[in-house]
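*Asks:* Here are the chains, one letter per residue:
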Amino acid sequence: MSQAVIVNEVYKRFGKPNGSWWQRPRKANPSTNGHKPQVVAVDRVSFSVRTGEIFGVLGPNGSGKSTLIRLIATLLLPDSGTIQVFGQDVVRQPMQVQRQINRVSVEASFFKKLSPMENLVYGARLYGLDGGETRRRVVEILTRLGLEKRVIYQPMEEMSRGMQQKVAIARALLSRPRLLLLDEPTTGLDPRSKREVQAVIRELNQEHGTTILLTTHDMLEADSLCDRIAIIDSGKIVALDTPQALKQSITSNSHEPTLEDVFLELTGKSLVKEDEAE
Amino acid sequence: MTTLAHEFRATYAFMERNANLVKRYWSWELVWMVYSIANSLSVSYIGLGMERLGGGQNVDGRFLVLYLMIGTLVWRYLSMIFYWITDVIGMERWEGTIEYTLMAPISRLTHMAGQTLFAVLYSLLFTGVILGVTVVLFEIDLRDANLAGGTLMMLAGSLSFIGVGIMGSVLPLLFPERGSQMTHVIIALLLLVSGVYYPVEVLPEILQKLARISPATYVLDGTRRALMEGTPSSQLWPYIWPTLIMGVLAIPFGLWVFGQAERYAKRTGKLHRNG
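If you read the protein sequences in the order shown, they are chains G and P.
Going by my numbering, the residue at position 202 of the first sequence is 202; the numbering climbs one at a time, nothing skipped.
Going by my numbering, the residue at position 33 of the second sequence is 33; the numbering climbs one at a time, nothing skipped.
Just chain G, same shape as in the assembly (with noise of 0.2 Å):
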């Protein structure tokens, strides 16, 4: 099977190891050294993910995750190591790679004071498409996914959370890419949201063969949509594996392992810390 995604030693790292130079005379803070803490984001992770493949990535808050995304999507330069996207490098053929791809993060990023017609439009026109086409499939797109028809015309700042969140898949819908980028897609929506979502992104991957990368923080999303998993904490991948063997790689004496425990055996956090920020 071919390779859709290849990231090979990729390290990245934020902040300056020795301040910037105009932080430099200022008066120590003995915590930092005077200056912005150093934070390794990831830490040469390599991992592959197949074409058609449902892959996953699970990690604490602060683990790395969304940077693993945005180093794909183009949206951060890798200091080390390379990506390949259907292979092309992401450093040297970034247009070859986003015609490919696209992307939904754990924020609705809209001009809320437009309505979703007038935001998808926009979105779909920058990936060459064409505007009569695209209202229709606005259209089909939202309400399969439980938005009501009069609110696809009302300013996003109307709208709840989830239903924006709803509209941020139907952006990722759109452009048809062959690889889909889900960073938490499903974090703030409703149980009956979550559900429509997931419908969606496993009709993508099994009628249209699009292959996805999904982060998330429910494990029984992971689970179920997943075909294979990566755990990573602090920047490193600590597992990988089908989410069966993952399960049957700990022990447990009162339960059959889950998902969280692996998570909590091989990260040893919490899921959620409320007050960290990725």
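It is worth saying that the hints were derived from the structure and are not from the lab.
We put the beta carbon where it would ideally sit given N, CA and C, even for glycine.
Certain hints may be false.
So the derived label-pair ranges between C-beta atoms look like this [what the hints assert, rightly or not]:
id : chain 1 : residue 1 : chain 2 : residue 2 : range
1  : G       : K149      : P       : T2        : 28 to 36 Å
2  : G       : S252      : P       : S107      : 51 to 59 Å
3  : P       : L30       : G       : M95       : 38 to 46 Å
4  : P       : L192      : G       : V91       : 36 to 44 Å
5  : G       : R161      : P       : V202      : 54 to 62 Å
6  : P       : L30       : G       : G268      : 55 to 63 Å
7  : G       : L220      : P       : L124      : 56 to 64 Å
8  : P       : F63       : G       : R161      : 56 to 64 Å
9  : P       : L192      : G       : R44       : 33 to 41 Å
10 : G       : T82       : P       : E205      : 51 to 59 Å
The calculated DSS-like cross-link candidates involving lysine-lysine, where the alpha carbons are at most 25 Å apart (straight line), are [stated by the list, open to error]:
id : chain 1 : residue 1 : chain 2 : residue 2
11 : P       : K270      : G       : K112
12 : P       : K23       : G       : K149
13 : P       : K270      : G       : K16
14 : G       : K112      : G       : K149
15 : P       : K23       : G       : K112
16 : P       : K266      : G       : K16
17 : G       : K194      : G       : K236
18 : G       : K236      : P       : K23
Dock chain P against the given chain G, drawing on the hints supplied.
*Replies:* Just chain P, lined up with the frame of chain G:
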């Protein structure tokens, strides 16, 4: 679809989006229009004020009104182009959509072409309305003015302001909180040296040297010739060519500067504010 057709469609996407933003923020646009008209009138009335203060001797109030009015109109037009380019990047940064725009498979030239085409068209329309109101209120006779020449001068000047605008948009790209406000310094310096409300000859020598490299200086001189003296368009060439050369240099340089800033932002993780 050919690459060219794709790029044209993407260019239109930016124009349509900006038109939608104007539509959705219509009340703000109305407020801005009233402010701009009031501002132009206030400055233009200085001409009549000077006539009164000078006791009518050696001061031609009508000449001053026209001189100042052209200054306010040209400046409103050029600064509007600049601000449309920088403000929308600021807005994209604020809303978080910048990641999606920079992730789209389009060249930066296409991105900026869409932004700037809209800015030029909208600014022309906006300036036209202000001109209409000012002319009616001051009963200015423009029968001998070369209006086409004035428009030509402003269009020629647009190019360099597009370039400066693209360079200025780096500030909101890198500094979402204060970047948009930081762009005011660029416009303020150009306003100081370009002779918007006074001849550049009154400036100290060092500022006069800066006036020579400001495209607005030539646009203002040329537009005043066209509107105040009715100079034919063919004789405006000495004012047009410097602005065209500055535009031809400023746009690619602006794109290069933006490209460097984009790369820096992608290297340091400055494109997103959270998550």
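*Asks:* Each of the hints needs a verdict: does it hold here or not?
*Replies:* Hint-by-hint comparison with the structure:
Between K149 of chain G and T2 of chain P the Cβ separation comes to about 35 Å, which falls inside the hinted range of 28 to 36 Å. Range check, S252 of chain G to S107 of chain P: Cβ separation about 54 Å, and the 51 to 59 Å hint holds. Taking 38 to 46 Å as the suggested C-beta distance range, the pair L30 of chain P and M95 of chain G conforms, at roughly 40 Å. Checked against the hint of 36 to 44 Å, the pair L192 of chain P and V91 of chain G passes, with Cβ atoms roughly 42 Å apart.
The beta-carbon spacing between R161 of chain G and V202 of chain P, approximately 57 Å, falls within the hinted interval of 54 to 62 Å. At roughly 58 Å, the beta carbons of L30 of chain P and G268 of chain G sit within the given window of 55 to 63 Å. Judged by the Cβ atoms, the range 56 to 64 Å given for L220 of chain G and L124 of chain P holds: they are separated by roughly 57 Å. The given range of 56 to 64 Å is respected by F63 of chain P and R161 of chain G, whose C-beta atoms sit roughly 60 Å from each other.
Taking 33 to 41 Å as the suggested C-beta distance range, the pair L192 of chain P and R44 of chain G does not conform, at roughly 53 Å. Against the hinted window of 51 to 59 Å, the Cβ-Cβ separation of T82 of chain G and E205 of chain P comes to about 56 Å, which satisfies the hint. A distance of roughly 22 Å separates the Cα atoms of K270 of chain P and K112 of chain G; the hinted pair therefore holds under the 25 Å criterion. Simply put, K23 of chain P and K149 of chain G have alpha-carbon atoms about 21 Å apart, close enough for the 25 Å limit, and the pair holds.
About 13 Å separates the Cα atoms of K270 of chain P and K16 of chain G, which keeps this hinted pair within 25 Å; it holds. A threshold of 25 Å between alpha carbons decides the hint, and for K112 of chain G with K149 of chain G the separation of about 18 Å falls inside it, so the pair holds. Between K23 of chain P and K112 of chain G the CA atoms are separated by roughly 13 Å; this keeps the pair inside 25 Å, and the hint holds. Distance restraint check for K266 of chain P and K16 of chain G: the Cα-Cα separation of roughly 15 Å lies within the 25 Å cut-off, and the hinted pair is therefore satisfied.
At roughly 28 Å between alpha-carbon atoms, K194 of chain G and K236 of chain G are farther apart than 25 Å, so this suggested pair is violated. For the proposed pair K236 of chain G and K23 of chain P, the alpha carbon gap of about 48 Å is over 25 Å, so the pair is violated.
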